[in-house]
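A.B. asks: Protein chains in written order, with this note's numbering: chain L, 1 to 65; chain H, 1 to 485; chain U, 1 to 159.
Please keep in mind that the hints were generated in silico from the structure rather than gathered at the bench.
Bear in mind that the values here come from a model prediction, so they are computed numbers and not experimental data.
Just to be clear, a hint being listed does not mean it is correct.
Stated by the list, open to error - Below, computed lysine-lysine pairings styled on DSS-like, alpha-carbon distance capped at 27 Å:
hint, chain 1, residue 1, chain 2, residue 2
1, L, Lys45, L, Lys29
2, H, Lys17, U, Lys84
3, U, Lys63, H, Lys89
To be verified - Each pair of labels, with its calculated beta carbon distance range:
hint, chain 1, residue 1, chain 2, residue 2, range
4, H, Leu128, L, Pro44, 28 to 38 Å
5, U, Glu87, H, Arg75, 45 to 55 Å
6, L, Val47, H, Glu354, 11 to 21 Å
7, H, Ser29, L, Leu50, 51 to 61 Å
To be verified - Covered stretches of chain H, going by a simulated chain L footprint (3 or more residues, C-beta under 8 Å):
hint, stretch
8, 212-221
9, 342-349
Backbone N, C-alpha and C fix where the C-beta goes; we use that ideal spot for every residue, glycine too.
Residue-level listing of the chains:
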Amino acid sequence: MRCDFCGTVFTEAEARPACTGCPLAGVCKKRKCPRCGYEVLPEPKWVKALKAWGGSIFAGYKANR
Amino acid sequence: MSASQAEVVTYPEPIEKALAQITTLLKGSYGLSPRTVALLLLQDDPEMHDLVKEREGSTYQTIAAIIDRTRETLREPVDEAVPVARQQKIAAIAAAAVTETAPAGAALADRISRLMMNPWTGTPLLLLVLYFGLYKFVGGFGAGTVVDFLESTVFDAHVNPWVNRLVDTYVPWAAIRELLAHDYGIITLGLRYAVAIVLPLVGAFFFVFAIIEDSGYLPRLAMLIDRVFKMIGLSGRAVIPMTLGFGCDTMATLVSRILETRRERIIATLLLALAIPCSAQLGVILALLAGRPAAVLVWAGVIALVFLFVGWLAAQILPDERPTFYMEVPPLRLPRLTNVLIKTYTRMRMYFLEILPLFVLASVLIWLGEMTGLFAALVQAVAPVVRAIGLPDQAAVAFLFGFFRRDYGAAGLYDLYTAGQFDGVQLVVATVTLTLFVPCIAQFIVAIKERGARVAFGMFLFVLVFAFGTGYILNAVLRLLGVSL
Amino acid sequence: MGSPNAGKSALFHRLTGTYVTVSNYPGTTVEVSRGRAVIGGREVEVIDTPGLYSLLAITEEEKVTRRLLLEEGVDLIVHVVDAKNLERSLHLTLQLIEAGMRVVLVLNMLDEAARLGLTIDTARLARELNIPVVGTVATTGEGLDLLRQVIAENVRVAG
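Taking the hints into account, I'd like the entire structure generated from these sequences.
C.D. replies: Pasting the structure below:
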């Protein structure tokens, strides 16, 4: 994911998790940029799935060429 | 390695001579070319000196003598001469391989970027963004078109009467009828607020925010605010998290990152809780003020004053602040529609899942309060305060909602407004008070957890007094001046 | 290897495909990451070094990197530079060449450089420096196939 504030590219595992203390911390899917702390939205599952699907089609197309 | 490759850079004559002498003396193996080893020795690299002393034995003395002699003959220090020679070579290479053309797009983006961060041009630009993005789109389109349709056409004309009839016909107990429908019912009030008022407004807001986010405007906004505040001798540092926060938790964490001492953090948390409307509330407030430009100006002016107050206070409590706030600004880019839509969708979904249970719970609590008479008593208790700031008694209900959640309170105001309960001045007073008003329950819980109950309650009281105090003064001033907004 | 924030870690991650922390904290690639990559049909060990600006080691990270260079028997150095800061980065490239290392120069973040109006003639640069030069965009993966190919051509068979 890419931070919308400072532009840092980071992986989900690197991101700081939802803020401690917030009652919604358990369900909140937002991630914090490891550099500036800005909240970055996760990609919805279906978007990820769609991208993976699109990627596989593209890969198949490339393999076929 | 070929000789040509090892001699990439030609250094000044004395250095070259020393290099030649040292390289012939070096017998050990270093994993680096002798030329490099000699260069590092000439530049007094301690590690390399130790290594050579160890591996070359007595020859080291000879080498050391060469180094000393070179230093004497050379006009400038070796550690200057070496990089300078290298830089000349690099400049020649770069001149051959790099062409610096400013492509139209990049130059334009760069110009815009600079204009956005310059206080004189950036401030009007920010106002334009706020005017078109928030006022016109959220307030105009979101509130005027979408909410109007959902509120009057869908809920008022169809859903509510239908639900009321259905409940009246099939539910024999009055208490349950009240729980589900009528004035404060789960469906007729809770769901309606959530679906018909808050969600479309917040959605419109999220859409604009996603565009702003995707374009890379946010870091420039941060720089702008910092510069503007610095110009007037205030601290921009404390205000930046506020502007970028838009979610209470973000802002709280950012604040704790920037501020060191407990005292500073408490004051900052307090002021942030006071002055920043959460995004949902902002959406609804803009909707409320839509179509009354003068009212927007007064509202924005008061909030801006509070902002400046925060900056002033921060400047008092943060004396030894680092002089410049600097961050690398990622490039501006044209927002991608898919990105924007996905972000809007994600935020709306998260938001809706977060508020729906709360709105339903609020309805249940209000219902309980109604049943026990507690609600009426509370409204009675708050009514004098509300009357003191010049608002009709019914506004007390909205403020009670506001205790529960800021956006809920704003939705309550919206409801009253569409029912024609407010004139312009009352509207402004109500929105200002509500903006400054207490944090929602969630934020309050966080405050208790993070800062302790005593501090949290103290903060709560202060914000309450400050919000209504400001409302009171504003009302008095506006009435005194006889303005109608 | 390369200077801090040039995108080494991102590139490393791309090359090895194993899980590696891609960090952008200024100068925080303090630990050395190792990974394996199959390039040109051979398995190659790839080392991600801490950031450094010069062979003249000043910081702890630079010392670590230099020690790595001297002690690991490195076959090929992939010097990753931020294309936006080419001139500053070439100092190290020249030092590496001077030191007799086999170097491939990777111009990373070419997209951002292009946005700044910098056009870099990689072929010309390769001729001037007499080493292979590859342009990449580590975040999108552009130029990586070419980099793999160049690495395959330049890594000596072990031993």
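A.B. asks: Checking each numbered hint in turn, tell me which of them this model violates, lowest number first.
C.D. replies: 2, 5
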